[in-house]
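Given next are the chains, with one letter for each unit.
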Amino acid sequence: MKTENQKAWLFVLPVLALVAFNALIPMMTVVNYSVQETFGDNVFFWQGLDWFQQILRSDRFHDALGRQFLFTFLILIIEVPLGIAIALSMPRKGFWVPVCLVLMALPMLIPWNVVGAMWNIFTLPDIGLLGYFLNHVLGINYDMTQDPVAAWITIVTMDVWHWTSLVVLLSYAGLVSIPDAYYQAAKIDGASNWAVFRFIQLPKMKTVLTIAILLRFMDSFNIYTEPFVLTGGGPGNSTTLLSIDLVKIALGQFDLGPAAAMSLIYFAITLLVSWLFYTLMTKDDLN
Amino acid sequence: MLSWMAWTWPTALVFIGIFSAIAVLIVLEIRHPGGAMRKGALGLTTTRGDRLFISLLGTAYIFLAWLGLVGMPLWTPLGLAIAWGVFCFWKV
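From first to last, the protein sequence lines stand for chains A and B. Each number in the numbering used here comes from the position in the first sequence (counting from 1) with 107 added on. Each number in the numbering used here comes from the position in the second sequence (counting from 1) with 41 added on.
To be clear, the hints were calculated from the coordinates, so they are not data collected in a lab. Watch out, some of these pointers could steer you wrong.
Cβ-Cβ distance ranges computed for the label pairs, FRET-style [unchecked claim]:
no., chain 1, residue 1, chain 2, residue 2, range
1, A, F152, B, T117, 26 to 32 Å
2, A, L383, B, L54, 40 to 46 Å
3, A, A124, B, L66, 38 to 44 Å
4, B, G120, A, N248, 32 to 38 Å
5, A, V256, B, V55, 42 to 48 Å
6, B, L43, A, N329, 26 to 32 Å
7, A, V256, B, A53, 46 to 52 Å
Keep in mind that this is a model prediction, so the values were computed, not measured. In this text, a Cβ means the ideal position worked out from N, Cα and C, and glycines have one as well.
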């Protein structure tokens, strides 16, 4: 048998080294922290699996996890259909294509903390453009610093504003790659718009949509900066998502052991959902 | 040099176990290329690597679930995890 060219492994080495230093070694350290207690000065005491048990049984963790799933669920059911709809209505040819693409890409170019700060100033009830308009012109009581529902509406709207573009651009890339022949065949068969969408456009977008949903899931499940800057997890704990709670435990209370255990549980959840999702979406292709 | 990583023997053994499993897979792959791909009991097409991944992920969940719902000691979930691993490599 002819020996295959194994040079590719050599080119993967730098990435492997990088991942080892910025992901694997810190991750191993987190595992070590999760079974110990420390009071600083690099002195550790064996604690076994107590932290895991404590986190798994704490209401605080269950609540944060529930909020996290709710947030991710809400933004996915809004962003994915909205992104597909926008991509479908974008022009495929001509002058407006680059204009639309640049406009769509703009929100994604803004750093996360700036997005949080922008939406904070935008929605504050007395000085924000939107907040002032809703409260003082329309007379709707809207205060994201006091009212949990308003805070949730604000963080979800902010995420939709920031990240729908990603779904749009990926779906658009999928749409553009469909050859004209498919549409012509559909026209000859007298297919309705819905049938064209259901049997031509959606299957052709499947791969990029899988990636889009996976990216949006992971990003929104690990979201920290935007809600932290916007609401700081408040009012009360109403928008304290998992990552915000984790940072509170790790840096606010300096409870490194419980924080490490919590981040491993958090990691396991992200890993399982991503794996399940990816496996289910690509199952038919592999078989 | 490694004191900042706060190593303990139990966690070191966990990592040694995972890395040796990966090493075994590499040796197997060199001896028998192709990853022994098959369609298993769960309807998934898996390679050896997939089966190891599913075993480890399942093991993590078995232990977490036991810790959260029942608590110490962990001999029963250990048995369950081994059974799950055997099932993964045998049938999945």
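Quick rundown of the hints versus the structure:
no. : hint                         : result
1   : F152/A to T117/B: 26 to 32 Å : holds, 27 Å
2   : L383/A to L54/B: 40 to 46 Å  : violated, 29 Å
3   : A124/A to L66/B: 38 to 44 Å  : violated, 21 Å
4   : G120/B to N248/A: 32 to 38 Å : violated, 58 Å
5   : V256/A to V55/B: 42 to 48 Å  : holds, 44 Å
6   : L43/B to N329/A: 26 to 32 Å  : holds, 28 Å
7   : V256/A to A53/B: 46 to 52 Å  : holds, 49 Å
The earlier numbered hints that this structure contradicts are 2, 3, 4.
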